[in-house]
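Guided by the hints, dock chain Z onto chain H, whose structure is given.
Going down the list, the sequences are from chains H and Z. Sequential numbering of the first sequence, starting at 1, is according to this note's numbering. Sequential numbering of the second sequence, starting at 1, is according to this note's numbering.
One thing to keep in mind: the hints can contain errors.
Identical copies go unnamed one by one, so any copy, or any two together, can satisfy a pair.
Result set (SDA-like, lysine to any residue): computed pairs, CA atoms no more than 25 Å apart in a straight line [said to hold, decoys possible]: (1) 28 - 287; (2) 162 - 265; (3) 144 - 314; (4) 162 - 406; (5) 382 - 91.
Just so you know, these hints were derived from the structure itself, not from any lab.
Read off the chains here:
There are 2 protein chains.
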Amino acid sequence: MNIAILGFGVVGSGVAEVIKNNSDSILKNSNVSLKVTRILDIRDFSGNEYENIITNNFDDILGDDTIDIVVETMGGVKPAFDFVLACLNKGKHVVSSNKELVATKGYELLEAAKKNNVNFLFEASVGGGIPIIRPMSRCLAGNKISEVAGILNGTSNFILTKMIMDGMSFADALKLAQDKGYAEKDPTADVEGLDAMRKICILASLAFGYHVYPDGVYSEGISKITLEDVAFAASYDSVIKLIAMTKKLSDDKALVMVSPRLVKNDSMLSGVNGVFNACLVRGDATGDVLMYGKGAGSLATASAVVGDVIDCASYSEERKFFGWDDKKENYLADYLDCETALYVRATGADKAAIEKAFGSVQYLTRENQGADEIAFVTPVKKEKELRDTLACLNMNVLSIIRTADY
Amino acid sequence: MNIAILGFGVVGSGVAEVIKNNSDSILKNSNVSLKVTRILDIRDFSGNEYENIITNNFDDILGDDTIDIVVETMGGVKPAFDFVLACLNKGKHVVSSNKELVATKGYELLEAAKKNNVNFLFEASVGGGIPIIRPMSRCLAGNKISEVAGILNGTSNFILTKMIMDGMSFADALKLAQDKGYAEKDPTADVEGLDAMRKICILASLAFGYHVYPDGVYSEGISKITLEDVAFAASYDSVIKLIAMTKKLSDDKALVMVSPRLVKNDSMLSGVNGVFNACLVRGDATGDVLMYGKGAGSLATASAVVGDVIDCASYSEERKFFGWDDKKENYLADYLDCETALYVRATGADKAAIEKAFGSVQYLTRENQGADEIAFVTPVKKEKELRDTLACLNMNVLSIIRTADY
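Chain H on its own, in the form it takes in the complex (with noise of 0.2 Å):
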């Protein structure tokens, strides 16, 4: 089978070695033979291994009736929206990692995937190597799914992680993971939560059969995150981590929102640490099932590609049914609207006044707590509630933070 590599970046070229180092194996286990013979990218590679085959014109591979297979590593949404979508008319199968391009254009693409019975696919769109999507749709596929939660970011999990276990600040942390590769010049989508949404979005379509597009959804990053909520965390038995998660509310309402969120020690979520991304998954007949792995990197992603390719060439007659309707109207719910607990830290806190108005709250301590410092978790309770209540003491409020029950 003929494949065509549109964006020969990171993921493109891992996708190549992958195919080039293994083709023995997946000739022997999966029986079927993958062979690159287009490369689509604007720029100079001379002297580059695939000089021979790269091209800048995407006419000569959407041309090539040869090429059954395009897999797509450009990464956002122009021109490879465009180009995908001619792929998918001119009949060729398309594999893509590009969380952008799903997260807001999924739903046309799959229907022009349908319309011309062909496969689009997306596994390392979400998680990089980590199988995650297609445990969702295939395995899972006799449960009703409630809740999607995952930590999906692996620059904002490997600063976390520092700040947790190395006790470094945001900062120093930060500027770490930007020495080591790990984060961009400019992080914000990453530590503000924005990679992490675009990847609940292909999710939360996924488990609920509606598209959700990241317009809507609530994110919120980790930089107001500091070392004296970790240490209150701590004595809560728990850890920060950036929670990307999706939850059923009803059949016309779904939860889908980004927030750093205090997860319990004894859950399998805490332990995934650094780069390293994990998804879990609440099935009705399954319970809690989870996924790891590394979430991000060339030949992990590269893998998921060229998972689904493989699965593109074994089935080539025949379409997966795979897919979710149009956005519905209405369809998000507001977070302030739901219920959780509230991680507060304050200071100048009446404690009569705060057990006044929220009942009972757990006091959580640190070392070296401040003499004025307070934190506590509240009951739970809707968000709006907790927060009008919040407004109402007389206090100086430095951190608010989401529990979590997984």
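The following block gives chain Z in isolation, referenced to the frame of chain H:
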């Protein structure tokens, strides 16, 4: 699609329940309509809601041409093997949860499926509801897998968790497991590692392509683990887990074994507690991937069966390329030839002699350590060499446990 269930026990009845409860969502998400039309069981089910479709005559199923997919949830080899083989030869897909059947007869049945152009699938035979087999064989198909290691038996993991977290003795924890229904009256298969061993045989066959039969595999259980060992492991920043593992040593040799191991606390496997299971897969592109969840239980296991049934129903005209070759002669390595470090607990030891014999060792400590009691971890060497060295030392060895590098 009409489904027959062979064996209406814990898992078989769970399959009927999942199909009944989730038929609408299965139709919506996977575009297949499933109906259980026949159930085989020799017991009396008068008054049961499925009474009218329960038969004790296998021919009622074999001869029914409206049945395309047969679920085998009988357990054991006889008569399950004969029934499954007959179904495959009659052109019916078979989905099984039967680890003993797959571990001892998997190759034969996969060949029969291939010959008859139908599927023989068994996700549920390893790890209950956790997606393991499909991620390994599909999602990770671009990788060369080098190692698979798991906590694959809930009973023994429950016992070890009670010992580690609650300081219960092995005997008390076993009794508690029996009271809770997590362990049989005769718990041998679970606590001596035989159940886990059958599962790792299946995973080794899948990972490396040659059927691994249980009779060639070394298995050591948890009945000799003491609370003293648990305490020393803690000082090595580890927990003791029953690990079923397989590692590719060369094209002609693989190690397959089950034994307790000291697992470091920063490993994801260390956080797998109670009756939960997990399976770690090491691929050359993806690195370590771990799948975690409920390894047993009616609905969890049924979830995996139904996932496979949906797969058969979705691709009823096209057999999945899936299987392995028959056993390879002299394929299984002798664990004594393989490298490991050993944790040793002993009395009457001479530290100078130990250090002379092993070079450097790491000494461990525990609260209330006996005056004459020592524990240490050896360097990594061939196990035979380490045991020969131990045999030459004049001390009373109480425990020997292998380490792990997950």
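Checking each numbered hint in turn, tell me which of them this model violates, lowest number first.
5
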